[in-house]
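Asks: Below are the chains, spelled out letter by letter.
Protein chains: 2
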Amino acid sequence: MDLTYQNLNQLPTYGALIAEGKKPFSFSETLNADRVRSYEIITPLPAGETLLYNYGAKEVYDSTLNLLQKLAIEAQVIEKYEALLKGAIMNTGENRKVLHHLSRGQLAGPVSENGRDLGAFYRLQQERIAEFAEKVHDGRITAPSGKDFDTVVQIGIGGSDLGPRALYLALENFIGTPKLKAYFISNVDPDDPAAILNLLDPHTTLFILVSKSGTTQETLTNEVLVLENLKKAGVSEPRKQMICVTSETSPLAKSSDYLDSFFIDDNIGGRYSSTSAVGGAVLSLAFGPEIFEDLLAGASAVDKAALEPEVTKNAALMDALIGVWERNSKGYPFTAILPYSQALSRFPAHLQQADMESNGKQVNRVGQKLEYSTGPVIFGEPGTNGQHSFYQLLHQGTDIVPLQFIGFLRGQTGVDTEFQGSTSQTKLNANLAAQIAAFALGQKSDNPNKNFPGGRPSSLLYSERLTPRVLGALLAHFENKIMFQGFLWNVNSFDQEGVQLGKVLTNQVLGTGTIHPALEAYAKKLGAR
Amino acid sequence: MDLTYQNLNQLPTYGALIAEGKKPFSFSETLNADRVRSYEIITPLPAGETLLYNYGAKEVYDSTLNLLQKLAIEAQVIEKYEALLKGAIMNTGENRKVLHHLSRGQLAGPVSENGRDLGAFYRLQQERIAEFAEKVHDGRITAPSGKDFDTVVQIGIGGSDLGPRALYLALENFIGTPKLKAYFISNVDPDDPAAILNLLDPHTTLFILVSKSGTTQETLTNEVLVLENLKKAGVSEPRKQMICVTSETSPLAKSSDYLDSFFIDDNIGGRYSSTSAVGGAVLSLAFGPEIFEDLLAGASAVDKAALEPEVTKNAALMDALIGVWERNSKGYPFTAILPYSQALSRFPAHLQQADMESNGKQVNRVGQKLEYSTGPVIFGEPGTNGQHSFYQLLHQGTDIVPLQFIGFLRGQTGVDTEFQGSTSQTKLNANLAAQIAAFALGQKSDNPNKNFPGGRPSSLLYSERLTPRVLGALLAHFENKIMFQGFLWNVNSFDQEGVQLGKVLTNQVLGTGTIHPALEAYAKKLGAR
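As given, the protein sequences belong to chains S and Z, one line each in that order. Letter by letter, the first sequence follows residues -16 to 512 of the numbering used here. Letter by letter, the second sequence follows residues -16 to 512 of the numbering used here.
In case anyone wonders, no lab produced these hints; they're calculated from the structure. It cannot be assumed that every hint is accurate.
[Said to hold, decoys possible] Distance condition first, Cα-Cα at most 27 Å in a straight line; then the derived DSS-like pairs of lysine-lysine:
(1) Z:5 / S:313
(2) Z:118 / Z:130
(3) Z:486 / S:433
(4) Z:118 / Z:162
(5) Z:507 / S:427
(6) S:313 / Z:352
(7) Z:486 / S:427
(8) Z:164 / S:215
(9) S:486 / Z:433
(10) S:433 / Z:352
(11) Z:162 / S:215
(12) Z:6 / S:352
(13) Z:433 / S:63
(14) Z:164 / S:164
(15) Z:215 / S:164
(16) Z:427 / S:352
(17) S:352 / Z:433
(18) S:6 / Z:352
(19) S:313 / Z:313
(20) S:5 / Z:313
(21) Z:215 / S:427
(22) S:486 / Z:427
(23) S:5 / Z:352
(24) S:352 / Z:5
[What the hints assert, rightly or not] Covered by chain Z, per the in silico footprint, the following chain S stretches (three or more residues, Cβ under 8 Å):
(25) 200 to 208
(26) 371 to 377
(27) 404 to 412
Beta carbons are placed, not taken as given, at the ideal position from N, Cα and C, and that holds for glycine.
In isolation and in its complexed conformation, chain S is listed as follows (with noise of 0.2 Å):
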């Protein structure tokens, strides 16, 4: 089939679209048991685990399905997925493949680039890396003192640490006593670095340098800073107790210094590589590689539904249908994150920044300029502890701020405690689905500062347990909506343009030529200049 990519104004059903937005709607005559037992996709994960989304309360009637469901279909996005799956170049800006997907199973058969199979390269990769892992958690590799690597320290930013860091946090409790605990270092601020130095034995550390350019100015600086600090220690030659991740076409890759390279490759995007070597290196040495290849099950099997062409079958599809809705038709500017469970205190800030870096873009994929808006602003906390803060904003401000809960039936740890009747983890999911029923419903009250308007869509994804295919699969669930999104807004989900102009004018400042006044006395105030 031949692919059309139209700006979402351009497609049949927009406009009906936009006049279903302007339907009054009522949680307390719509939300009954029905609704919420049937608005609702199950995907199934390996070994039985499953992952739920449920669209209950979401502001949605049937007639509200029957034009997204079109709207997918003129958008072509499940053809579109396709192509990205076999290769096409997707990312135009860039003149790159997309292939994410791929660094956790091959769908839609072999993707080759200059004669080389890509899916085999990453998982040779993946290989590699569980034979190094392996190695140093028994002892065939050591540090150069001859003593045990203990801890492991990822150093790189953006793509290269928020990922990875809150898949580490989301599956330290549930694993117990990791084989390596981690840390991640990754502001050119020096004192995050020293706060992270503070902490380690350098002689039993492993460190880990990703940067898939190999010219990333804070991860290069932090590898100074981290080197130095282990010559100060004693280590003679401390980039033998670190490995690169990093693409072959590197400055890094070219080096003999480190105790060994593993590689990625440009068809993956920082924001989507925690499933690659960027990922892969540090949870596996973290966890151990079978713990990350669960991840990666998790993650495929998400994926393989999200081929799925019936919307009320495709939970990532229409997760991002329905984000478009209140993006477009009902004019909502923000999308919160609220996952009711501490380990994933920090995938709301990688979500921040795989949805906004992906799909906060004004122009469509050929550069022409939108006349609607894309990618909300995300942002997000772990509940209850959100409940005590932002939340009277969610229940009672001027704006109103579509949701997305996460929950799981059980704990990682197993500790729970009975107080009052019940234990933590039935009062933790009683107020998680209290919060669902208080933003829809809502509550009158004769006293106007305690009335509720409720009227707050929510959805709810949930499993039961945050298990290593669990954790994939919620990841995948939102790369893939974020990437359905980006087709419905026409835009080029992979690239990020809009970072560049800052690197530019840092430089600037750092150099020795004439620069704007105003930024000149900018950088003087801060000692920059």
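Start from chain S and add chain Z according to the hints.
Replies: Structure of chain Z alone, referenced to chain S:
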């Protein structure tokens, strides 16, 4: 002077302000070195430190500033602040005074309630905390095991968690080696306490139970879980290594089981309680009471400066007015807080709470529905990390997000390295200056995907170094900004009725009575019924 409370849109200048917002504004025509130098307010702090607020890159003309000055006079914001300091009932819904300023200094004479001098009461509690902390530090108070305490864990949620946690993290590396290392348990998710307890020696850890009412479900549940854990570890009287911070009327205050108790009262709201015993206990124990006193002194200096009626000399008021300008004249529904300091990693989360819980209201202080937007959505992460994440949307998204940068000339730890001709700290601040310029000025490009529209306003709060005094000053700056905005929007910034409905519905779920069928369906899915 008699105070009158009018809604923002009833103030005489409101119409002119809305009209002013429709004037086009071009940074490329406006932003120059003179403006950067002169659009700045210096707030002096004790010991020669300063906090500077620069608004050169905000979309304001001198004519705008004149209107904002008029608005401040019409809304009587300084007079209302003075009344608050003197103990007026500013928390109308709950019929309470608002006295967090008094916890750090007396600026407007003594404040009494039922014959008690409340300033003296707050001071006494801090003196008791200081004495207790010193006894812990010098070994006069030890754990029941006879060992010295080396760790302190605060059990609290919302206002009893986010502020103290953000402040602890902000100073941990400044201090280097805390007297007691601090951790925080907040979430009713049992995996949260399980993970923290896993890190601790139960025989050398002091716990602080913080709940003003003494009835906070999460906190009491976590107390039980912690006590059980201590018992399992062989501690026979676990409450003898736990202190309370609570109100004198709470059930906790009546118990003699705890090692000691320190008191707060209902005139300081949770989100404003960091400078009361809620923050004082953990910070004095972790860093020493003299560090906490410095923090209070910095906050108090900023509180005093906020009494200045001239807006161009009052940083918190200017920040507040510009925020209202951006919200109501420009229509921006969000604000990002972007500290270029890893030490402030959780400061945006605290400010998200402080701001959104205070001003996320849709009725005025006497319960009438408002016809204009109030508090914005607040989010943020440290730079430079954010540059590699969500800044893409900030630069090139379809919405304009106003920005608040925070920076420091020097780092906290003194660790640094030179690479490619500049230090890490210089790179950090070069990035910060570059972002301000890039957001404001943008850059034209023939390639529309590389076009930066600019016109994205930002302010800059900065200081020489993030010391305890500067941290207190920053905290008070934002608290006062939020207070002034509440006066301008005519809302009660000091209650939080929006959190109540969720509590009621949670208890319904946990009870046995009939509940809304949709709520029951969600609760069943999540195993909570």
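Asks: Confirm or reject each hint.
Replies: Hints, verified against the model:
no.: 1; hint: Z:5 / S:313; result: holds (24 Å)
no.: 2; hint: Z:118 / Z:130; result: holds (13 Å)
no.: 3; hint: Z:486 / S:433; result: holds (13 Å)
no.: 4; hint: Z:118 / Z:162; result: holds (12 Å)
no.: 5; hint: Z:507 / S:427; result: holds (25 Å)
no.: 6; hint: S:313 / Z:352; result: holds (22 Å)
no.: 7; hint: Z:486 / S:427; result: holds (16 Å)
no.: 8; hint: Z:164 / S:215; result: holds (26 Å)
no.: 9; hint: S:486 / Z:433; result: holds (13 Å)
no.: 10; hint: S:433 / Z:352; result: holds (12 Å)
no.: 11; hint: Z:162 / S:215; result: holds (26 Å)
no.: 12; hint: Z:6 / S:352; result: holds (23 Å)
no.: 13; hint: Z:433 / S:63; result: holds (25 Å)
no.: 14; hint: Z:164 / S:164; result: holds (19 Å)
no.: 15; hint: Z:215 / S:164; result: holds (26 Å)
no.: 16; hint: Z:427 / S:352; result: holds (14 Å)
no.: 17; hint: S:352 / Z:433; result: holds (12 Å)
no.: 18; hint: S:6 / Z:352; result: holds (23 Å)
no.: 19; hint: S:313 / Z:313; result: holds (20 Å)
no.: 20; hint: S:5 / Z:313; result: holds (24 Å)
no.: 21; hint: Z:215 / S:427; result: violated (47 Å)
no.: 22; hint: S:486 / Z:427; result: holds (16 Å)
no.: 23; hint: S:5 / Z:352; result: holds (23 Å)
no.: 24; hint: S:352 / Z:5; result: holds (23 Å)
no.: 25; hint: 200 to 208; result: holds (count 7)
no.: 26; hint: 371 to 377; result: holds (count 7)
no.: 27; hint: 404 to 412; result: holds (count 9)
Of the numbered hints given earlier, the model fails hint 21 alone.
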